[in-house]
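S.K.: Full structure from sequences and hints, please.
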Amino acid sequence: MGMQQVAEFVSSQTVRVRTDIPPGHVRTPYYLRGKTGVIERTLGPFPNPEDLAYGVPAQPLQLLRVRFAMQEVWGHAAERPNDTIEAEIYAHWLETVT
Amino acid sequence: MGGDAAGPIPDASHDFAIWEKRVDALMVLCAERGHFTVDGLRRVLEDMPAENYDTMSYYERWIVSINQNLIEGGVYSTAELAAKMSEVAARGDTYGDATGG
Amino acid sequence: MPHDHHDHLSPSGHPYRPDNDTVLTYWQQMEIAIRELLIEKQIVTAAQIAGQIADMDARSPADGAAVVARAWTDPAFLERLRADGSAATREMGFDIGPMKLIAVENTETLHNVVVCTLCSCYPRNLLGLPPDWYKSRAYRSRTVREPRSVLAEFGVTLPDTVEVRVHDSTADMRYVVIPARPAGTEGLDEAALANLVTRDSMIGTGLARSLRP
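Protein chains in written order, with our numbering: chain A, 1 to 98; chain B, 1 to 101; chain C, 1 to 213.
In case anyone wonders, no lab produced these hints; they're calculated from the structure. Since the structure is predicted, the reported quantities are computational estimates derived from the model, not experimental observations. Just so it is clear, CB atoms sit at the ideal spot from N, CA and C, and this is done for glycine as well. Among the clues, some could well be false.
Said to hold, decoys possible - Label pairs and their calculated CB-CB ranges:
hint	chain 1	residue 1	chain 2	residue 2	range
1	B	GLY100	C	GLY93	17 to 23 Å
2	B	GLU87	A	ALA77	51 to 57 Å
3	C	ILE39	B	HIS14	26 to 32 Å
4	C	THR73	B	ALA79	57 to 63 Å
5	C	THR73	A	ALA77	49 to 55 Å
6	C	ALA54	B	SER86	26 to 32 Å
7	B	ASP47	A	GLU95	25 to 31 Å
8	B	GLY34	A	THR96	31 to 37 Å
9	A	GLU95	B	ALA90	56 to 62 Å
10	C	GLU79	B	GLU87	52 to 58 Å
11	A	ASN82	C	GLU105	17 to 23 Å
12	B	SER86	C	GLY97	33 to 39 Å
13	B	GLY34	C	ASP84	22 to 28 Å
14	C	ALA180	B	HIS14	28 to 34 Å
To be verified - What the simulated footprint calls covered on chain C by chain B, stretch by stretch (three residues with Cβ under 8 Å from a Cβ of chain B suffice, anywhere in the stretch; the number is not a length):
hint	region
15	37–43
16	53–66
17	118–130
18	138–149
Claimed, not checked - Keeping only pairs whose Cα atoms sit at most 30 Å apart, straight-line, the calculated DSBU-like set for lysine-lysine is:
hint	chain 1	residue 1	chain 2	residue 2
19	C	LYS135	C	LYS100
20	C	LYS100	B	LYS84
21	A	LYS35	C	LYS135
M.R.: What follows is the structure, encoded as structure tokens:
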């Protein structure tokens with residue numbers, strides 16, 4: 001696995017989860033793809049689990065806890081729009097929202 | 001799985017059988033020794049067809065994943081596993097007989 | 001199970017453990033074979049396997065309850081728990097292995113609930129093995145989308161003034177909920193408080209028990 005150039009993120013930053021559907025093992029829930037949230041805290045670096053899953057060398061990556069509003073994730077189906085969901089997303093799955 | 005429609009949360013529960021606890025222990029010990037990663041365990045579990053979740057128990061799916069990871073990692077061969085499984089089955093009809101009590 | 005085990009003795013003359021007398025399944029056959037291969041190849045010993053099972057059996061929600069009770073009574077500990085859940089838990093003497101723990105607190109305006117949609121990640125090295133329902137497809141599918149409806153099935157109905165926050169354990173961290181301390185418990189010591197802390201209250205599908213008048 002080659003080293004990717006991955007942006008460094010900070011707390012409180014607004015980010016969007018990539019909409020990619022790459023082949024192979026991923027750690028990013030499908031229901032969060034393309035959704036915008038705010039970084040609650042930064043964690044890591046941890047080795048990329050998408051490589052660890054195949055037993056190949058894994059690049060250390062920042063791990064971000066991202067908070068999403070239920071309305072952003074589920075639209076009108078949200079039980080209460082301002083309820084929230086947090087998930088850990090690896091940096092290479094996130095893009096900055098300006 | 002996250003967000004899919006599904007029925008009520010099942011409230012049945014069970015105590016773990018000794019064979020299930022052994023599967024759990026093998027996962028922890030093999031991971032500690034670097035023979036596979038939790039991510040490898042998850043990969044095989046998530047790649048399983050959805051119907052396996054209805055037809056197999058939790059630790060049945062785990063032993064499948066542990067096995068695939070250990071074979072991929074070269075810990076033992078499929079031939080070694082086949083020979084050992086035949087040997088185990090020949091010991092008796094119950095788990096107790098086959099595992100030596 | 002009303003089985004009679006007395007007529008079913010192992011070659012050593014001892015009764016089998018109750019879950020040993022069921023018909024051998026294909027997957028159990030595989031477990032035995034893998035275990036024996038790993039022992040033959042000197043990757044693990046039988047004693048290490050038994051030791052790991054004993055370690056896991058020794059972990060239970062009572063461990064988490066002790067952490068919660070300490071957090072309720074010791075503000076400095078609560079600060080350390082917020083800063084580093086793993087270190088604070090180890091400080092109390094619990095062997096949580098390599099687990100990376102985040103403690104999330106319920107308040108008058110926030111209720112946390114934990115799920116793992118991708119598999120069944122759980123703070124097992126603190127609370128022991130997860131309940132079956134935590135691993136069910138229904139819990140894992142629905143909690144991220146309709147947590148209030150799921151909580152209602154567990155008997156937890158929250159007013160609209162409380163934000164529900166779902167934690168999907170998607171990666172390396174594990175989560176334990178610090179439930180809100182029940183009213184009227186000011187006079188209780190740590191041990192009595194720990195008795196109020198249920199497993200489900202630390203997953204977020206329950207509340208701490210209230211005091212019986």
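S.K.: Checking against the hints above, which ones are violated?
M.R.: Of the numbered hints, 1, 5, 20 do not hold.
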